[in-house]
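K.L.:
Take a look at the letters that make up each chain.
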Amino acid sequence: MVQNRQVYKAPMFPLWAVIAAVGIVLAIATYPFYGAAYVTSLLGKFLCFSIFALSIDLIWGFTGILSLGQGVYFGIGAYFTALSLKINYAAVNPTRYGGTIPDFMEWNGLTELPGFMVPLQNLPFAIIAGLFFATLLAFIFGVITFKRHIYGVYCAVITLAESLILQEAIIEYQAYTGGFNGITDYGTHAQINVLWLILVVTIIFFIIGRILTHSRIGTILKSIRDNDTRAEFMGYNVANYRIFVFCVSSFMAATAGAMYAAWNGIISFLDAGPVFSIEGVIWTAVGGRGTIIGPFIGAFLVKGSEYFLSGKLAWTWQLIMGALFIFVVLVMRDGIVGTIGKWWSARKKRISN
Amino acid sequence: MNRRKFLKNSAVAAGTAAAATITDFPYFFVKRYAHAAEGDTIKVGILHSLSGTIAIIERSLHNAELLAIDEINAAGGVMGKMIEPVIEDPQSLVQVFAEKAKKLILEDKVVAVLGCYTSASRQSVLPVFEQHNNVLLYPTLYEAQECSKNCFYTGCVPNQQLDDFVPWLIENVGPKFYMIGSNYIYPKETNREVKALLKAHGGEDVGEEYAPLGHTEFSTNINKIASKRPDVVFSDLVGDSVVAFYKQFRQFGITADDIIIGTPITTEQETAAMGPENALGHLTSFNYFQSVDTPENKKFVESYKAKFGKNEVTNAVMEAAYFQTHMLAQALEKAGSTEADALIYEGLPGQEYMAPGGKVKIDEKNHHTWLWPKIGRANETGQFDIVWQRDDWVRPDPWVDLLYPNKDCDFTNPSVLERLKSDSKDRSGTFELS
Numbered sequence: 001m002v003q004n005r006q007v008y009k010a011p012m013f014p015l016w017a018v019i020a021a022v023g024i025v026l027a028i029a030t031y032p033f034y035g036a037a038y039v040t041s042l043l044g045k046f047l048c049f050s051i052f053a054l055s056i057d058l059i060w061g062f063t064g065i066l067s068l069g070q071g072v073y074f075g076i077g078a079y080f081t082a083l084s085l086k087i088n089y090a091a092v093n094p095t096r097y098g099g100t101i102p103d104f105m106e107w108n109g110l111t112e113l114p115g116f117m118v119p120l121q122n123l124p125f126a127i128i129a130g131l132f133f134a135t136l137l138a139f140i141f142g143v144i145t146f147k148r149h150i151y152g153v154y155c156a157v158i159t160l161a162e163s164l165i166l167q168e169a170i171i172e173y174q175a176y177t178g179g180f181n182g183i184t185d186y187g188t189h190a191q192i193n194v195l196w197l198i199l200v201v202t203i204i205f206f207i208i209g210r211i212l213t214h215s216r217i218g219t220i221l222k223s224i225r226d227n228d229t230r231a232e233f234m235g236y237n238v239a240n241y242r243i244f245v246f247c248v249s250s251f252m253a254a255t256a257g258a259m260y261a262a263w264n265g266i267i268s269f270l271d272a273g274p275v276f277s278i279e280g281v282i283w284t285a286v287g288g289r290g291t292i293i294g295p296f297i298g299a300f301l302v303k304g305s306e307y308f309l310s311g312k313l314a315w316t317w318q319l320i321m322g323a324l325f326i327f328v329v330l331v332m333r334d335g336i337v338g339t340i341g342k343w344w345s346a347r348k349k350r351i352s353n
Numbered sequence: 354m355n356r357r358k359f360l361k362n363s364a365v366a367a368g369t370a371a372a373a374t375i376t377d378f379p380y381f382f383v384k385r386y387a388h389a390a391e392g393d394t395i396k397v398g399i400l401h402s403l404s405g406t407i408a409i410i411e412r413s414l415h416n417a418e419l420l421a422i423d424e425i426n427a428a429g430g431v432m433g434k435m436i437e438p439v440i441e442d443p444q445s446l447v448q449v450f451a452e453k454a455k456k457l458i459l460e461d462k463v464v465a466v467l468g469c470y471t472s473a474s475r476q477s478v479l480p481v482f483e484q485h486n487n488v489l490l491y492p493t494l495y496e497a498q499e500c501s502k503n504c505f506y507t508g509c510v511p512n513q514q515l516d517d518f519v520p521w522l523i524e525n526v527g528p529k530f531y532m533i534g535s536n537y538i539y540p541k542e543t544n545r546e547v548k549a550l551l552k553a554h555g556g557e558d559v560g561e562e563y564a565p566l567g568h569t570e571f572s573t574n575i576n577k578i579a580s581k582r583p584d585v586v587f588s589d590l591v592g593d594s595v596v597a598f599y600k601q602f603r604q605f606g607i608t609a610d611d612i613i614i615g616t617p618i619t620t621e622q623e624t625a626a627m628g629p630e631n632a633l634g635h636l637t638s639f640n641y642f643q644s645v646d647t648p649e650n651k652k653f654v655e656s657y658k659a660k661f662g663k664n665e666v667t668n669a670v671m672e673a674a675y676f677q678t679h680m681l682a683q684a685l686e687k688a689g690s691t692e693a694d695a696l697i698y699e700g701l702p703g704q705e706y707m708a709p710g711g712k713v714k715i716d717e718k719n720h721h722t723w724l725w726p727k728i729g730r731a732n733e734t735g736q737f738d739i740v741w742q743r744d745d746w747v748r749p750d751p752w753v754d755l756l757y758p759n760k761d762c763d764f765t766n767p768s769v770l771e772r773l774k775s776d777s778k779d780r781s782g783t784f785e786l787s
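Protein chains in written order, with the working numbering: chain A, 1 to 353; chain B, 354 to 787.
No lab work stands behind these hints, which were simulated from the structure alone.
Every residue gets a Cβ at the ideal spot worked out from N, C-alpha and C, and that includes glycine.
Watch out, some of these pointers could steer you wrong.
When the alpha-carbon atoms are kept at most 16 Å apart in a straight line, the in silico EDC-like pairs for lysine to aspartate or glutamate are as follows [said to hold, decoys possible]:
| # | chain 1 | residue 1 | chain 2 | residue 2 |
| --- | --- | --- | --- | --- |
| 1 | A | LYS312 | B | GLU460 |
| 2 | B | LYS541 | A | GLU106 |
| 3 | B | LYS548 | B | GLU496 |
| 4 | A | LYS312 | B | ASP423 |
| 5 | A | LYS312 | B | GLU437 |
| 6 | B | LYS541 | B | GLU496 |
| 7 | B | LYS774 | B | GLU692 |
| 8 | B | LYS651 | B | GLU665 |
| 9 | B | LYS396 | B | GLU686 |
| 10 | B | LYS434 | B | ASP423 |
| 11 | B | LYS541 | A | ASP226 |
| 12 | B | LYS600 | B | GLU733 |
| 13 | B | LYS434 | B | GLU686 |
| 14 | B | LYS529 | B | GLU557 |
| 15 | B | LYS581 | B | ASP558 |
Chain B side only, calculated, beta carbon under 8 Å to chain A, not exhaustive [claimed, not checked]:
| # | residue |
| --- | --- |
| 16 | LEU403 |
| 17 | SER404 |
| 18 | THR406 |
| 19 | ASN416 |
| 20 | GLU437 |
| 21 | GLU441 |
| 22 | ASP442 |
| 23 | VAL447 |
| 24 | LYS455 |
| 25 | LEU459 |
| 26 | PRO480 |
| 27 | GLN498 |
| 28 | GLU499 |
| 29 | LYS541 |
Kindly produce the complete structure, drawing on both the sequences and the hints.
P.N.:
Laid out in structure tokens, this is it:
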């Protein structure tokens, strides 16, 4: 008996998902009016973290490039913005040394703003320069590695080294970066319009991510992930697709970093380092890689429970977090969203049979 | 139900059960304190890393503060209420310090926070305390040059550790100094003052070097030191570098008879970690050593060991953590209120306490603490024999006179007070005055 075979393609934006998303967005956007100030400050951070996780998901979950150095791009975005804010803040609010340049420059013996940092006085320029620089770096990195067919473990190692280098450079050139102390005390930018901005950018990136992965390009990316040799034989320029998606992802990470710096009011070398980068990979893995909503759920869940548990159980929270990660990896290989998705489609199949 | 399905279902059930219990997890692993009903306690935040790279040191500060809170509660608490410590773990990460400070102030509504160890962490939380007008008590020695109305500094500042120590070294050991430090703000600022003191007292600076934080390989530096043959190696290395440097210095064959290491950093904690034979004979300048012979110190050391283990050692930063907690209790009692402004303007300035290392007092003008400088020589048990001590306490001077003549903070100046009180949300909490 010949079955009527229909290729089912899920809609780009299913109605139930749109309704749920509108509800969540409204809840977050209005939260500051009725919620706790502390939770509001967490919300803005978590949104930035979820964009960061989304950027990892795009290259890892959809294209199969495991980057352990995505923090580099987040860090570049964050540092350009924070430096600009700090320079402007120090110019009007005298530092503890009484000067008009950032305090970390003063205790390192600088007496005036170094020439190459003067353009950073312009905040919009600094932000755009940060995003551009991050994307450019990703492009150069992509050309060097992907064009030469360096994938997999080697790529992971190179990206890890990249983030280590940036972290060491930030610590070493402390006269320009604040070094070990990071950059702090540059005014309060945790205002409701900044939260809304973060929210809007998150929505835009979410939509871009969905379109990118749900379109023809997305199918090609997934085929590269699953079998890059075969994709190459079918005539696709695998390296170019990889470079493209790597640049998009870096741009997203840098944007997240820039907004995070403004919202959080403090950044340090850790925001560019390997530990943060790997944390992002964990959020993506827990939420569900290869799904667009997974990174958001992962970032909110892991970071949220971390903040919650570390307060309640100051001595043992790390053990519990570790146990949860092991549980997820052992029992839910596809992360929370992936597992639920599989269970749902299996159930559907069972019912229709 | 087959086996596979059963396993799956039970795993899900276990997961849900775990998730459900976590929300009000019985504090099995957390030390329990007398919890009175809401409102019947005074909440005090404790913000020291319990995990991460600096957890070893911060855990001891955390312990010293809990010990003091136990003592205060055993003696009847403050204003008839028990003190309830609200413990947070900032994980040795500066961002998390700022985040947790926010949480303690906004969510838990603590009256004050005891916390931080590194300068980086203090600088990350200060804007939070100033913005939300709360009180931070900070127990670590630091590079000073800071005045914040919301922060009270109970550790040493450079004038209390260096002004006597450097001239004493020049006179009793020799004039040639070689400086080695970790590459961040504290050693850089400290060495600036050491150099000024050398100049003023006829010493000679024969070298200055900085190693990255966490650096543990010093053979090239020690080679250089050996070739320059200074009388004193002035070390402001911190953390793991201290242990590595002393060990490799000894392995190179240099003992304290050849070249003395003088430092404002190395405490009983580090000498225990490196093995006392490596520290033997080297000198440290501090306001407190475990070997201080006072009844208060005997009680402090004994109760600390009884509570946390007989092999534990105490050190100057722990002493500050301990007495600042007692001072906070006294200040609350004196102010008669848990309002931040009452603590800042009435309670804490001028507060005195009979600390293990001698009587201490918070300066009314600059919020730093009057302390008793001492010089200790490490002996074969890892403890310090006190070879010199000042016979009066020393006023803290965050802006050292040699480098910044006539510069100081003044929180007693009526016009400053007026401005601060009228505008407590303004960032003018940090400022400096003539």
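K.L.:
Now, for every hint given, state plainly whether the structure supports it.
P.N.:
Hint by hint, here is what the structure shows:
Proposed proximity of LYS312/A and GLU460/B is supported: the alpha carbons are some 13 Å apart, at most 16 Å. Pair hint LYS541/B plus GLU106/A holds up; C-alpha atoms about 11 Å apart against a cutoff of 16 Å. Distance restraint check for LYS548/B and GLU496/B: the Cα-Cα separation of roughly 15 Å lies within the 16 Å cut-off, and the hinted pair is therefore satisfied. Of the pairs offered as hints, the one joining LYS312/A and ASP423/B is violated, with about 20 Å between alpha carbons and a cut-off of 16 Å exceeded.
For the given pair, LYS312/A sits about 14 Å from GLU437/B by alpha-carbon distance, which is consistent with the 16 Å threshold. Between LYS541/B and GLU496/B the CA atoms are separated by roughly 9 Å; this keeps the pair inside 16 Å, and the hint holds. The hinted pair formed by LYS774/B and GLU692/B meets the criterion: a straight-line CA distance of about 13 Å does not exceed 16 Å. For the hint pairing LYS651/B with GLU665/B, the CA-to-CA distance comes to about 14 Å; that is within 16 Å, so the pair holds.
This hinted pair checks out: LYS396/B and GLU686/B have alpha carbons roughly 14 Å apart, not beyond 16 Å. For the hint linking LYS434/B to ASP423/B, the alpha-carbon distance of about 13 Å falls within 16 Å, and the restraint holds. Distance hint between LYS541/B and ASP226/A is unfulfilled; the C-alpha atoms sit about 53 Å from each other, more than 16 Å. Between LYS600/B and GLU733/B, the direct Cα distance comes to roughly 15 Å. Compliance with the 16 Å bound is thereby established for this hinted pair.
For a cut-off of 16 Å, the pair hint linking LYS434/B to GLU686/B stands: about 11 Å separates their Cα positions. Using a Cα cut-off of 16 Å, the hinted pair LYS529/B and GLU557/B holds, with the two alpha carbons roughly 5 Å apart. Proximity of LYS581/B to ASP558/B is assessed by CA-CA distance (about 11 Å); at most 16 Å being required, the pair is judged to hold. Nearest Cβ of chain A to the Cβ of LEU403/B: about 6 Å, under the 8 Å cut. The hint holds.
A least Cβ separation of about 6 Å between SER404/B and chain A falls short of the 8 Å threshold, and the interface hint therefore holds. Interface restraint check: THR406/B against chain A, minimum CB-CB distance 11 Å, threshold 8 Å, status violated. The interface hint given for ASN416/B is broken, as the beta carbon of that residue sits about 12 Å from the closest beta carbon of chain A, more than 8 Å. Interface hint status for GLU437/B: violated, as the beta-carbon distance to the closest one in chain A is roughly 14 Å, over 8 Å.
Because the beta carbon of GLU441/B sits about 6 Å from the nearest beta carbon in chain A, less than 8 Å, this interface hint is met. Given the 8 Å rule on beta carbons, the hint for ASP442/B holds: about 5 Å separates it from the nearest Cβ of chain A. Look at VAL447/B: its Cβ gets to within about 5 Å of chain A, closer than 8 Å, so that hint holds up. This hint holds: LYS455/B has a C-beta 6 Å from the nearest C-beta of chain A, less than the 8 Å allowed.
The restraint placing LEU459/B at the interface with chain A holds, with a minimum CB-CB distance near 4 Å, inside the 8 Å limit. The beta carbon of PRO480/B is positioned within 8 Å of a beta carbon in chain A (closest approach about 5 Å), and the interface hint is therefore held. With 8 Å as the threshold, the beta carbon of GLN498/B comes within range of chain A, its nearest partner Cβ sitting at about 6 Å, so the hint holds. Look at GLU499/B: its Cβ gets to within about 5 Å of chain A, closer than 8 Å, so that hint holds up.
Residue-level restraint check for LYS541/B holds (minimum Cβ-Cβ distance to chain A is 6 Å; threshold 8 Å).
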